[in-house]
Structures are given as structure tokens and as C-alpha cells.
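A.B. asks: For reference, the chains in residue letters:
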Amino acid sequence: MLNRILSGDYPRSRALSALLVLIGVCLALGPFLFPGVRAFSMLGMICVFIIVVASYDLMLGYTHIVSFAHTMFFGIGAYGVAMSTDAFGSSFWAVFIGIGGAVVMSILLSLLLGLLSLRVKAIFFALVTLAVAFAFLSLVTQLYNITGGEDGLAVRSPRELGPAFRPFDSKVPGFSVIDFIVGLFAQGNIGQAFNDALFEVRINGRHLMYYIAFVISLLVFLFLLRVVNSPFGRVLQAIRENEFRAQALGYRTVFYRTVAVIVSAVLATLAGVLFALINRYVNPENTLNFELMVFILLMCVIGGMGTLYGAIVGTTVFLLAQNYLQDLLRLLVQNAEPGSLFAELAGPDRWLLWFGLLFVLSVYFFPSGIVGQLRLWAERRRERKADKTPSAPTLKQEQ
Amino acid sequence: MSAHDEIVGQQTRPQGALARFAAFRQDKPHIFLLLLMMAVALLMMDPRTWVLLTISGLAMGAMVFLMASGMTLTFGLMNVLNLAHGAFISLGAFAGASVLVWLSGQANAPSLLINLAAILPALGFAMVVAGLLGLVFERLVIKPVYGDHLKQILVTVGGSIIIMELIHVVWGPNEIPVPRPEALNGAFILPKSLPVIGGVALEKYRLIAVVLGLAIYGLMTWIIERTRVGILIRAGVESREMVEVQGYRIRLLFLGVFVAGSALAGMGGAMWAMYREIITAHMGDELMISVIVVIILGGLGSIKGCFYGAVLVGLINLYVGYLEPRLAAVATVGLMVGVLMWRPQGLIPVIKV
Amino acid sequence: MAESILSLSGVRADIDQYHILHGVDLEVPAGELTVLLGRNGAGKSTTLRTIMGLTTVTQGKVRFHGEDITGQPTPRIARKGIAFVPENMGIFSLLTVRENMVLAAVSGPVDPARLDWVFDLFPPLKKFWDRPAGNLSGGQKQMLAIARAIIEPRELLLVDEPTKGLAPAIINDLAGAFEQLKQQQVTVLLVEQNFNFSRRLGQSAAVMNDGGVVWSGPMNDLADNDDLQHELLGLGLGEHQ
Chain U
0 MLNRILSGDY PRSRALSALL VLIGVCLALG PFLFPGVRAF SMLGMICVFI IVVASYDLML
60 GYTHIVSFAH TMFFGIGAYG VAMSTDAFGS SFWAVFIGIG GAVVMSILLS LLLGLLSLRV
120 KAIFFALVTL AVAFAFLSLV TQLYNITGGE DGLAVRSPRE LGPAFRPFDS KVPGFSVIDF
180 IVGLFAQGNI GQAFNDALFE VRINGRHLMY YIAFVISLLV FLFLLRVVNS PFGRVLQAIR
240 ENEFRAQALG YRTVFYRTVA VIVSAVLATL AGVLFALINR YVNPENTLNF ELMVFILLMC
300 VIGGMGTLYG AIVGTTVFLL AQNYLQDLLR LLVQNAEPGS LFAELAGPDR WLLWFGLLFV
360 LSVYFFPSGI VGQLRLWAER RRERKADKTP SAPTLKQEQ
Chain P
0 MSAHDEIVGQ QTRPQGALAR FAAFRQDKPH IFLLLLMMAV ALLMMDPRTW VLLTISGLAM
60 GAMVFLMASG MTLTFGLMNV LNLAHGAFIS LGAFAGASVL VWLSGQANAP SLLINLAAIL
120 PALGFAMVVA GLLGLVFERL VIKPVYGDHL KQILVTVGGS IIIMELIHVV WGPNEIPVPR
180 PEALNGAFIL PKSLPVIGGV ALEKYRLIAV VLGLAIYGLM TWIIERTRVG ILIRAGVESR
240 EMVEVQGYRI RLLFLGVFVA GSALAGMGGA MWAMYREIIT AHMGDELMIS VIVVIILGGL
300 GSIKGCFYGA VLVGLINLYV GYLEPRLAAV ATVGLMVGVL MWRPQGLIPV IKV
Chain D
0 MAESILSLSG VRADIDQYHI LHGVDLEVPA GELTVLLGRN GAGKSTTLRT IMGLTTVTQG
60 KVRFHGEDIT GQPTPRIARK GIAFVPENMG IFSLLTVREN MVLAAVSGPV DPARLDWVFD
120 LFPPLKKFWD RPAGNLSGGQ KQMLAIARAI IEPRELLLVD EPTKGLAPAI INDLAGAFEQ
180 LKQQQVTVLL VEQNFNFSRR LGQSAAVMND GGVVWSGPMN DLADNDDLQH ELLGLGLGEH
240 Q
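Protein chains in written order, with numbering that gives the first Met the number 0: chain U, 0 to 398; chain P, 0 to 352; chain D, 0 to 240.
Hints were generated in silico from the structure; no laboratory data involved. Source: prediction; values computed, not measured. Do not rely on the hints blindly, as some may be mistaken.
The calculated lysine-lysine pairs, modelled on DSBU-like cross-linking and capped at a C-alpha distance of 30 Å, are [to be verified]:
id: 1; chain 1: P; residue 1: Lys191; chain 2: U; residue 2: Lys120
id: 2; chain 1: D; residue 1: Lys125; chain 2: D; residue 2: Lys181
id: 3; chain 1: U; residue 1: Lys120; chain 2: P; residue 2: Lys27
id: 4; chain 1: D; residue 1: Lys126; chain 2: D; residue 2: Lys163
id: 5; chain 1: D; residue 1: Lys163; chain 2: D; residue 2: Lys125
id: 6; chain 1: D; residue 1: Lys181; chain 2: D; residue 2: Lys60
id: 7; chain 1: P; residue 1: Lys142; chain 2: D; residue 2: Lys181
id: 8; chain 1: D; residue 1: Lys79; chain 2: D; residue 2: Lys181
id: 9; chain 1: D; residue 1: Lys60; chain 2: D; residue 2: Lys126
id: 10; chain 1: D; residue 1: Lys163; chain 2: D; residue 2: Lys181
id: 11; chain 1: D; residue 1: Lys181; chain 2: P; residue 2: Lys27
id: 12; chain 1: P; residue 1: Lys142; chain 2: D; residue 2: Lys126
id: 13; chain 1: U; residue 1: Lys120; chain 2: P; residue 2: Lys142
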């Protein structure tokens, strides 16, 4: 049964499985495990960006297509919903019209990109997507009357998905694990720590929206697992390994590549829709920015390209770091003299510097990302164990 | 005639005006496109505005050429995609600006000669800083990933982030105003006696940028066409392996070209700083889009293509910026897409990509 | 046989993940023209490329004048006095003939006396001096490729199938050029499929098959022995051009 759900693509590493289960539980029960607005908002972002990064991995990791236009499709989804609710009011119909329009536009644009990749070689393609994404960003920023320009648009999401909606009046208890552990260390009294960790959750529309995002994220991920383990996915991987050979085998690689780009684009659009509904505000900076594109790239690579599970791990690690690394750095420079080199280098605003450094180092030394590395270690452990057992000799297969 | 032009070889003279026009469009697409663009623009605005915009467009083109020339050579010769190039532009801008601020005494003097005592060090310093960073960057960051385009993209994007953050560390996170030297301010006024365009004010700085751009283009073309190093570069663009077989250590040539390209990017950045009079660490990112359009438009590895591409990008930016400012960026990228559909290798292809 | 200027012992080489050479043993005597024969895919071109350092040697040694040059970078190997004319000629088609020759003169400006000698051997090069090399015909390109290899004195020439696709008249001109090189005591290792050409010029011969040398000796031993030819090359003397 698990085999069918995961399409036969297991984590293949106990550490990884544990990590995934942990993340899964945290996301599934998130609103009841982590109190506070900041944590709740981050949970939502993790769910949304898992979709973004996993769909990006389909292109980057499985087909070796480098595209810098992913944020463009994300933005199309977000702005689609924003503009349609702005125009048609905050009903579900407006939302669906927005989704429809956004998806159509994404398909058209990704077809254009696919067509361009026909005319130019792969390395051109990356640069071309960069330029096209920039042109789109510029357009959105300039057309103030339609898109709100740099100020952006507020998303008038349906009432049922907002904070005012109360499906049931009773409060649901929540238990903060972190506070519990901290409380244990601080006071040593289990009962006291337990009580302190309890908090109340008033279920409202935002929780409903969160769980919609969570479920969609889960379904999209399982869908992508199915895609990459299907015959279609295998052709993509063949193209990744050696496009010429794939062509020689009779596959119309342009078709496969274009489909990969379209699927990836539509999923990113979907993620943008969810983002708009959760965040309830879109502007060029939080949807179309080049910095965001780089973040997606970082998440994909740090998690592990070509694994899909890397998207889950990479997104979680990155978003946690982005949020809490700054706090850590702030702690670090608390006692340092302001203006000194140390304060400048280690200050909370410079978190990106260290993350960038980490990223570059990981490309050199851990090119397979967190997931890839965990799987490698697991495989080595398995091989060592197999060598030790005095049973039938293992068949070492040629790579 | 340079060897560059003779790719097509000798052909029989085409008969008839239409055939000659078609041949012209085929053989010299860069000039054709340039003339076409200038003509269409002239039709859409009055001549005085056209003159102003054309000069400004040429100035922008000259500066973008400086920035882009390094990248096209690096990619053409070494097959290395350096997406941190924009960070070099930013760095050059900040380095140059610092010198100008430091030498503000000389910069504010009304005499051009005294100004030069500030400008030349500023440009020089920008080139040296960017060039040095290029040296370190090539050895440390790029060399381990030669031949792997995917990793190059990842690593240089990461490197770009790091460099820009370091700019923040050294110069602070805010934008910095750049004092343009006094003698470069102001404009020449065309004599009123001239028909149509009499009395038009041509900004001094833009003219100087054009002159400098042309001078550098001339210098680069001379080096590429007439010197042994130039022959090596052109040979290396065609076949790295054969250059090594002849006995040349092409890796050293690579390093030299990369450093030179970075220095040029730095100079372009410093020039841009004096043009815009305000800089931020992320200016390199925006300019990179123009650089990318230029090198794809012009043809990778071709200095001539880079120059014409830059001119076209500068002009279309200014023309559309005037006619419909909101579409300037879209028009630039649209130009690239259009040319790609027409000429997938760029206007003056040197290597087959 | 003269002493070896170049020797390969047990050389195994790969291209990407493919094993091409499976242990090549070859001695190239100094001052002679040695022909490397064999069917397509036997590994002849790869052997030349391996000597030049263009492939990965996984085992074995390549020695030039007794010095171990295995695994050294190509430019350094070239500078030791080894010139290489690859199968596709490797000329720079976007450069003029003049520029090709300027590049080939690694040590400095082109020596006018030697250039005159090259023009004597290959008159078309003088005629097309300022034209792009890409405009030359196949035979003329081959002339340029060889001219580049000899414009400066070299001790060892590695030439890969120079007569491929050329008209008999041009082949004659090439043979004349090689004769002159032989007179100058230049060592040549020539890969050839054209047996007549090989027989005419070669003093020593080596035959390759399946990534290894299966026979080596004086050329006459091979040329006079029809059975041996048939066994090693799969044909008789009369069947090859």
C-alpha cells in the first residue's frame, strides 16, 4: 500500500525517513504544536514552497533544465487570484476564475519557453528565462492600474478562509512541545512544564486554509513522485544523462522537455494561488523577485537535486534558517561592539552571506544535497553490513 | 577586411536592388537591424527628441558594451557561464564611487584636467579591484567546476550573493550617491543655426561615454585582429584543444581573459555610477539583464556582435523609454526573443553553440 | 633498427567511461617514418591522442627520449618537440592561413627561410595566405595542417590519416613532403589506412587491433608478405588504394 502511494520511490535511508516523518507530523499537527503567529505563518509557507521547490526539482533535478522563470509562474498564480478577487469580489467563484486564468497564462508562457528552447541550446535557455522573468517582473511593476505596481494588491480571499470565520465555537487544546522541553530544563517539574506548554487554539478560516494548503501540498508531492517514477519520468532522466542517446533511442526529447516545463509551471502557479490565499497580500517582491528565485534554487540544491524528497527537506531547512538564523546571529552579536567588523559580518542582516557561503560549499562538497548525502551514508552502511555477513556473496553490479 | 567578416566566403554579386537588399540583410544583420530601429524611431518622434535619445542610447550602449564584453569573451573562449558578473559590475561601481568621494576636491574642480586626476584613479581603481576579484574568483570558485555548466550556474549565483553581501558589509546596506566630476556635468548646445536640430543640448557625460566606448571597442578589436594574443583568443574560441596541441597553455590565457573581462565590467560599473549618480549593491543584477540580452543578441564570443548588440539595447531602451516607459524592459527582452527566432546564434555568431 | 625516440609500454587509456587502449606496447625508432596500421576502431587515433596527453592514461607509461611524459599536460608535451596533426586536421577555419602559421610558430616570428621551404612543398598556401583557412579545399587544408606541424623544427611528428578523402594528385604531393621530412631525419609516426602510401614511405610498421599492438617490425617484412597482410589487415596488397 505504501509502495503504491510512494510509487515505489522510498526514502532509502532510515535517517531520512525519520526526518520526513518528523516534518510530516509537524506540518500535519502544526497549528496545535507551535503557538504564535510567526510559527503558523511559517508552516503555511513551508507547505506552499514544498510545491514550488518540488516542481522545480522536476525540471532541474530530473531533466537538468535550468530555468529562472519559476518565480514568474508562481507570481502568475498569486496575482491571478489577487486580481480576480479584486475585480469580482471575495467569492470562491472569483478564486476559481483566477486559478483558471492563471493556469491558462502559465501554459501559454511555458509553451513559448519550450518553443524557444527549440531554437537555442540549453545554456542559452537559462539566460533567456532570466530575461523573460525580468521582463515580466518589470511589466507587473509598471502596470500600476492593473496590478497595483510596487505596492501590490491585497487579496480579498473568501470569508470562509479568513480569520473571521469560526466553524465551531469551542476551543481546541494545543500542546507546544518546544515550550514543554524548555520548561522541563528550566523548572524540572513535569507537571508545571506540562501546564505551561498547553495553549488554546481558536479554529478559524485561516486554519481551514492552512489544511487545504497542506493537503494539496501532500497530493502534489505524491503526484510528482508518481510522475518521476513513471515511464515519462524515466525518459526525463534519460534526457538528463545523455540527451543525444535518448534521441537516438527514438524519443522526441523536445516534447518531453516541454511537457516537463509545462507541468512544472502549472504546479508553481498552483502554489502561487495558495500563497495568495494564505498570505492575503501579493506584491512584486514576495512573488516575482529574483532573490526569491535564488532562494528556490538554494532550497532545491541544499535539499538534494533529483530526489523530490530534497524539496521537503530543503524547504524546511531553508525557511527555518531564514527565520531563525537571524535570531541566532542577533544573539551572537549582542555583546559585540556595533560597527566593528565582527558585528558587520555576523550581524543578523548578513544571514544571507553565510547562507550563500554554505550553499557554495555544499555544491562543491555535498553536491547531492542533504537527502543525497543521507542516502549515500545509508547505502554505505548497507554495503558494509553486507560485506560482514558470511552468507551468499553479494553481486556487485557494474555502474 | 577582417577575417571575422569572411565566414560566408566569396559569393557572386547579387543582381537587382531587391536581391542586394536581401543579401545585405543576410550578410550584415547587425547594421540592418540598427538602421531599421533608428528609422522606425525617427518616424515616431520629432527629430530633436530623436537626436537626444539616440545620443543617450549610444551612451548607454557604450557602457553596457564595457560590461558585456567580458562576459561574451569568457563564455566564448572558456565556455564558462559566470552569473556573478553582475556583482563585479556593482563592485566596480562602489570602488569607483569611493575614490571619487575620497578625491572630491579634485572632482569638484571646474577644470577637466584636474577632474581627470579624480576620474582616472576612480576608473583605474574600479578596474583593479574588479580584476583582482576576478583572479581570486576564477581560481577559487570557477576552476573546480570547469566543463559543468549546471554547477557553474549554481556556484556563480552563490558567489554573486556572497559578493553583494560583502559589498553591504564594506559600504553599508544603503544606496550611495555618486558625485559626478564637475567638468563632466552640463551639456554642449548645438549651434542654433543648424537646421532642425539646432539648439539641442547634448549632455557632455553621454558624449564622453560614447567616445570611451568606441575607443575601447577599437582597442579590443585591434587586439583581437592584429596581435598574437588576439589570434590565440580567436583560435581558442574555435578549438581549445588544438591551441594546447600547438603548445600554448590556454589555461593562462583563460585566466587573463577572465581578469580582463572582470576589470572591464568594473570599469563599466564605475562609468554607470557616474552616469546615474546613485548606486546600490543590486544594480549589477538589473544591468545583468541588459548584459545577457546583449551577449545573446550579439552572438557569444563575438566582440563585434557584443558592440552592436549593446548599441541596439541602449537605443531600444531609450526609444521605448520615451514612447512608452512602462514597456522599456519588455521591449528589450522582446528584441532578444525576436532576434533569437530570426537568428538563433545571434547577429554575428562566432562559435556554434 | 635505430634507438627509440618514443616508447609506449602497457598503456591503457580511456575516453569517458570507455576503455579504448588495452595495453599498448610500441617503440618508435628515431629518424624513421613508422606507420601505424589497423582496422577502424583498433585504437590508432587514440594512441596518437594519448601520446599528446589528450586522453586519460589509466596504466602504463609513455616515454619520450627516455623521459616519462605520461599524464603531462598537452602544451608541455608539445613544447618538448612533438607535433600532432589530428584526423580532422584541426586547423582554425576562422583564422587566415597566415594566422594559422603565426600561431604554429610557437617560439616567435615565422622563420622566412623555413617558410619558403614550406611554400615550395605546398604552393597553394602562398596563394591563399590571407584567406580564411575555412575556404581552402580538403587537400589544401591538409597541407596547412602539416605545414603548421613543420614550420618550426620538431623532433617527432604524429600524423593521423592525412590521405583520407584526398585526390591521388594531392596524395602524391603529401608523399613528397614526407620524403623531404625523412631526409631531414624527422621522426614520423603515421597512422594510415592507405597501404600503398604507407608502404612507399614507411620504414617501420606496427599493426593494431582491439586496442593493442599485434605486430611490429620493418615495413618490408610486412609489405613482402601477403599472408601476413591478409592475417593482420584482412586484405591483400592489391585491394587497397
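A.B. asks: Return the numbers of the hints above that this structure violates; sort them in rising order.
C.D. replies: Hints 1, 7, 9, 11 and 12 contradicted; others consistent.
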